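Visitor: If you want the building blocks of each chain, they are given just below.
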Amino acid sequence: MKELKILLIVIFFALLTYWGVEPFAHSKMHKHVEDNKFSYVDLPPLTKKGDATRGKALVMGAGACVGCHSIKAAGIPAPMDPNTAAASYGVNPPDLSNVGALMDERFLAELIKNPTKALILEHKFDGKTRVFPMPSFMGAGGDKEQEVADMVAYLKKISNKEVSPKEAYVTSCGRCHANRYGKYEQIGFVPKTKSNIKTNQDIDLLKFKEKVADYQGNLAEYMGKLPPDLSIMIRARSEDFMKTFIEDPQSQLKGTAMPRVGLTNEGYEKVMKYLEETGDPSKPARDALGIKVIGFFVIFTILALLWKKSVWRDLH
Amino acid sequence: MAHFTKATSIHDWLNQRLAVDKVEKVLATEYWIPKNINFLWAMGMILAVTFGLLLISGIFLLMYYKPDTKLAFDSVNYTIMSQVGYGWLWRHVHAVAASVVFLIIYIHMFTAIYYGSYKKGREMIWISGMLLFVTFSAEAFSGYMLPWGQMSYWAGMVITNIFSMGSLNLNGLVEWIRGGYVPGDAYLTRFFMLHVVLLPLVIMALIVFHFAALRIPHVNNQDGEEIDFEEESAKYLAGSTRQSKVIRFQFDFLSKDILVLGFFFIFFFYLVFYHFEFAMDPVNFDPANGLKTPTHIYPEWYFLWSYEILRPFPKNPGLIAFGFAQVIFFLLPFLDRSPNAVPAGRRGIFKVWFWLLLINMVALTILGKLPPVGIYTTYGTIAAYFFIGLWIALPIVTKLEKPIGGK
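Protein sequences appear in the order of chains A and G.
The first sequence begins at 1 in the numbering used here and counts up by one.
The second sequence begins at 1 in the numbering used here and counts up by one.
Note that these hints are calculated values from the structure, not bench results.
Since this is a predicted model, take the numbers as computed values, not measurements.
Idealized CB from N, CA, C, for every residue including glycine.
A few chain A residues that don't get close to chain G, going by computed Cβ distances all over 10 Å: (1) H32; (2) P77; (3) A78; (4) G90; (5) R106; (6) P133; (7) G142; (8) K161; (9) K166; (10) E210; (11) G255.
Below, computed lysine-lysine pairings styled on DSSO-like, alpha-carbon distance capped at 30 Å: (12) K198/A - K66/G; (13) K245/G - K35/G; (14) K309/A - K235/G.
Covered stretches of chain G, going by a simulated chain A footprint (3 or more residues, C-beta under 8 Å): (15) 72-86; (16) 245-254; (17) 268-275; (18) 291-304.
Produce the entire structure from the sequences given, and follow the hints as far as they go.
Guide: What follows is the structure, given as structure tokens:
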């Protein structure tokens, strides 16, 4: 009984210290931000029901989306390669194949009408001294709300398939953030190349690296600094931070050049899954092995207890 | 020259040359431990085993770690964590053990303080233990540099800055320690050397010293009773094991140690697999960047109490207070002026002193992590003064203590 009392005192002080330096201290160190469950309530809801066929005509035609964006799902190639695009706009415009599946419709509609508002970049692009590279859609002559709804409907239709975590990452984060553990650079996955056996030089890889450096130069100029590599970001930031930061970067980092990306909750989870694959790949192995190791030591302890009892039988 | 006969067995052969029977007796079967002890007496064994875990996991990590500022971060976070079979396991064992070893050290220390195990001939046990504490601290700090993350870099910057000694401005000394104006490649490789060679050697030597210091005064017991080990062991060997106040190290004491060890392992591996975040600070998963200071710089939890003694004061007094905190524990056997070597519970006002010290150190630890703003600065300053006050009061408090009669 006395030992139990001592044990409880030890546990009490250990837990008190743990609580103080971990949950409590972290709650005081980091600003608390409520998340909105990716609902984008600050943006107006769609009032019209969209028609994908009319939307397609607008996206390809009067909406002028394909002047800058590729839509690989519809067989539309990129008008320029990533390097040329970054030289012109600062960053490569995204392929639109998966945006309908990953991003919220309110966000997409607002992005078409008023990009800097949707992206929360009005502090950076005031429209006078700095103009955002993507122009606002002014309407194609009909009911503008209807036209926007049609385009959103089309984007949703073409992305009507399961988007992989990797694709989610490339579309949502990948044009600004490299992921070196995932062998990904802002212009694409690192190609498999071979070095010349006589010179031990891999010219194709060097060429790829040159392109990456060139792209990063334009990107850093455009963003103010080079956005961080996200390989193990999942371990460097709390889940709470990731969620609220991705939902609204300004909420955690006032004045940041990072735009809101408009992910739905599902899209966010896909991106996080990819970040877990690159940043914490041992999780499945850990979970599986842990229970076995702990089980082993439970048996070990039971045997130790029996042994101790047998040894101490003659001592008490 | 000794006389050797033809050996009758391998055991006999060894015995003639190495006296293995004698060694076994001296070190294990007739190494006498008091019977009147509780599970806190197993902390030494747990520490030895945890050090073993650190050594083994460290050897595995050493095979893949690259002490180079350009490669270190990825060698840990990519190569070891995802390319090496079970590399993640070794890393998590190493990181968690490095943190847990300090939890056990603190329990071990406070056990010694509570039961007066630093008094009456046990002074050298305490001092060698404190030397181990300091060396473990240096080992932990140097190890923390190796992943070369943001906290490695900036904690390294802050801690090495202490050597400028405030207004003495010994910047040359700081540069000499760092091998550069700021932590860089030379800095990383020298801390790597300290972490994997020099400090482990010192630790191993000190562990031997710590054990040796225990030999003559023997292990204390939970009532502070003075035991005649010769008489009691004779009783034990004569067969009166129930009446004897002592037990053999092997296997009487060991069987209890191993039971406690079993419980410890369950706790330890639960942390390794499912709750390791506390030992691996998120800030250190951002690569070191000399141009970007993290918002909060703090040491690992086990250094927080002394960090909090440094922090609330202006530069020079802060350093003096910090220096005070580093050496004062060494002096405990000499600051305690009471002749009573019994548990704190029976020592009147010293009992209050003990609990106040424990609570004060927990408070300092928590405050050390909190941002130094507003009310926390006030609390921190009070707690730091309180710590110094406690140690100044110790000789007076113990001098006033009434000697406990009889034993």
